[in-house]
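Visitor: Residues per chain, in single letters:
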Amino acid sequence: MKILVPVKRVIDYNVKPRIKGDQTGVDLSNVKMSMNPFDEIAVEEAARLKEAGKADEVVVVSIGEQKAQETLRTGLAMGADRGILIVTEQMPEPLAVAKILAKVTEEESPDLVILGKQAIDDDSNQTGQMLAALLGWSQGTFASKVEPGEEGVNVTREIDGGLETLKLTTPAIITTDLRLNEPRYASLPNIMKAKKKPIDEKTAADLGVDVAPRLETLKVTEPPKREAGEMVPDVDTLVAKLKEMGVAA
Amino acid sequence: MTTLVLADHDNKELGSATLSAITAAKKLGGDVHVLVAGEGSQAVADAAAKVDGVAKVLHADDAAYGHALAENVAPLIEGLMDGYDALVAPATTTGKNILPRVAAKMDIQQISEIIAVNDDGSFDRPTYAGNAIATVKTSDAKKVITVRATGFDKAATEGGSASVEAVSGPGDSGKSSFVSAQVAESERPELTSASVIVSGGRALQSGENFEKYIEPLADKLGAAIGASRAAVDAGYVPNDYQVGQTGKIVAPEVYIAIGISGAIQHLAGMKDSKTIIAINKDEDAPIFQVADYGLVADLYEAVPELTSKL
Ligand SMILES: Cc1cc2nc3c(=O)[nH]c(=O)nc-3n(C[C@H](O)[C@H](O)[C@H](O)COP(=O)(O)OP(=O)(O)OC[C@H]3O[C@@H](n4cnc5c(N)ncnc54)[C@H](O)[C@@H]3O)c2cc1C
Chain L
1 MKILVPVKRV IDYNVKPRIK GDQTGVDLSN VKMSMNPFDE IAVEEAARLK
51 EAGKADEVVV VSIGEQKAQE TLRTGLAMGA DRGILIVTEQ MPEPLAVAKI
101 LAKVTEEESP DLVILGKQAI DDDSNQTGQM LAALLGWSQG TFASKVEPGE
151 EGVNVTREID GGLETLKLTT PAIITTDLRL NEPRYASLPN IMKAKKKPID
201 EKTAADLGVD VAPRLETLKV TEPPKREAGE MVPDVDTLVA KLKEMGVAA
Chain H
1 MTTLVLADHD NKELGSATLS AITAAKKLGG DVHVLVAGEG SQAVADAAAK
51 VDGVAKVLHA DDAAYGHALA ENVAPLIEGL MDGYDALVAP ATTTGKNILP
101 RVAAKMDIQQ ISEIIAVNDD GSFDRPTYAG NAIATVKTSD AKKVITVRAT
151 GFDKAATEGG SASVEAVSGP GDSGKSSFVS AQVAESERPE LTSASVIVSG
201 GRALQSGENF EKYIEPLADK LGAAIGASRA AVDAGYVPND YQVGQTGKIV
251 APEVYIAIGI SGAIQHLAGM KDSKTIIAIN KDEDAPIFQV ADYGLVADLY
301 EAVPELTSKL
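So the protein lines, in turn, are chains L and H.
So the first sequence is numbered by UniProt numbering: it starts at 1 and just counts up by one.
So the second sequence is numbered by UniProt numbering: it starts at 1 and just counts up by one.
For the record, the hints were derived by calculation from the structure and aren't laboratory data.
Computed from a predicted structure; not experimentally measured.
Some hints here could point you the wrong way.
[Said to hold, decoys possible] Facing chain H, according to a computed beta carbon distance under 7 Å, are these residues of chain L, among others:
hint	residue
1	49
2	141
3	219
Just so it is clear, CB atoms sit at the ideal spot from N, CA and C, and this is done for glycine as well.
The whole structure should be built from the sequences, with the hints applied where relevant.
Guide: Next up, the structure:
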């Protein structure tokens, strides 16, 4: 089995985003960037399937600026075998990303594509589902358990009411949720080894994908600030407040 | 202009997030139709027909739609979209699962989790864990939109008298099938529609402590129970309790955060609550920066005292 794992370079989850003064977006200059946490979970799952002998090759692919190389290297250090970088000037929207990934998928013919359920910058939660649509594949989104079997793959999903298990025909698209696994930290020897693993580079134009945006961002603003309130000295005062608000009798 | 709203439901009841999606759909202008795709879901179609502002209900009742499998429901919607200018769904796990599949097939860039429809035809949507609100306009001829329920009032469940029309689609794609579900039945209010929420964090240390400290307080207040990611990851409570950027987005009248530090990912899910109360033993915990009332205390003393005095 071959697994393709798309990975996105995003603002590190520990950094509080700052809006640019001209309201055109979030200031990413001199900000720590990392692999999208959900994509780390995706790489980890693929690496574990390989270690368990269920997969024989794991390919990571990233779309974006040249620096996304670093993100691919992280994936390679975590256990992926090789990388593909699709260079674009701007970060394409989810639909264009899905179109690029559909082309890569056609070239690579993986049995599974495992993606993060959302990127923590754009918070769109679309790419995996869109890729499944374009390929006509089954989809197991928000996965907390992935069990490849003789035919197909069983995926347990985190849904609003709890958990649900689906059986998918393969090839299939899977998107990861937080409980699927706990991603490893790459060890130093593996980071060194990753430097020697191959990364193939292409552009969106090479793949014949139109990445022109459909959405125009008119502005990006800060949400209304919440004022810090008052500290109450004791439980009795809190009880009085709850009574005032009418939530306690 | 006619908008189709995909109803969220469990084949028995219309999910309340659908009512917020209907309000958002009305703001697009024009007629609002609702699609109920399910199995044995007549009661849902009837409920949708009574919602204020709904002109028509399309009802697709088929075993293939009983578990809302995206592979089956998406082609059904695509087949109906000729007559519509926009497709809207609440940003529930079902809406999030299905809508992008429809959008991609129709070559439309979806707009996720809108919180406002502006007069100039643009939409506001939170990005970066709610730290950056993007105002976006689309050049696509048709729109596909998911709606964050906390951004819109719920449409009234009475007042409408829409017709219910049976529709059908291609049925079972054969690509996926339902195996099992673990859905807890609870007497408590549902997290995303509760007016009071008591949430616990890593500080609770165990599922037993959730039962011992959080539940009695929630019982006293008739509250739903929520949790931080740390509490869910540690297995103290099930995944559907998680509040935050990547869990549930809530905006109750009162949100009580107990032993939760207030990471940006958690704040993303609850900072639109009307009143926030925080109990934390660390006076520098970031949760206090958004709390209306903060109590610096050990939860193991303060919470039982609070519960007993209510
Ligand atoms: C991709 C990604 C997505 C995420 N999504 C979410 C999400 O949706 N929701 C979410 O919540 N988190 C999310 N997180 C995790 C988030 O970053 C934090 O790690 C998490 O919210 C911390 O949970 P906590 O506040 O319970 O734990 P901690 O940060 O460990 O805080 C525990 C708090 O309890 C207090 N405390 C300890 N003992 C006591 C006591 N006896 N009495 C009173 N107070 C006490 C401490 O002072 C501390 O403030 C996400 C992270 C990532 C990377």
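Visitor: Each hint needs a verdict: does it hold in this structure or not?
Guide: Tested hints:
Taking 7 Å as the C-beta cut-off, the interface hint given for residue 49 of chain L is violated, the closest approach to chain H being about 20 Å. Using the Cβ-Cβ criterion of 7 Å, the hint placing residue 141 of chain L at the interface with chain H is satisfied: the shortest such distance is roughly 5 Å. Look at residue 219 of chain L: its Cβ gets to within about 5 Å of chain H, closer than 7 Å, so that hint holds up.
Hint violations for this structure: number 1 only, all remaining hints satisfied.
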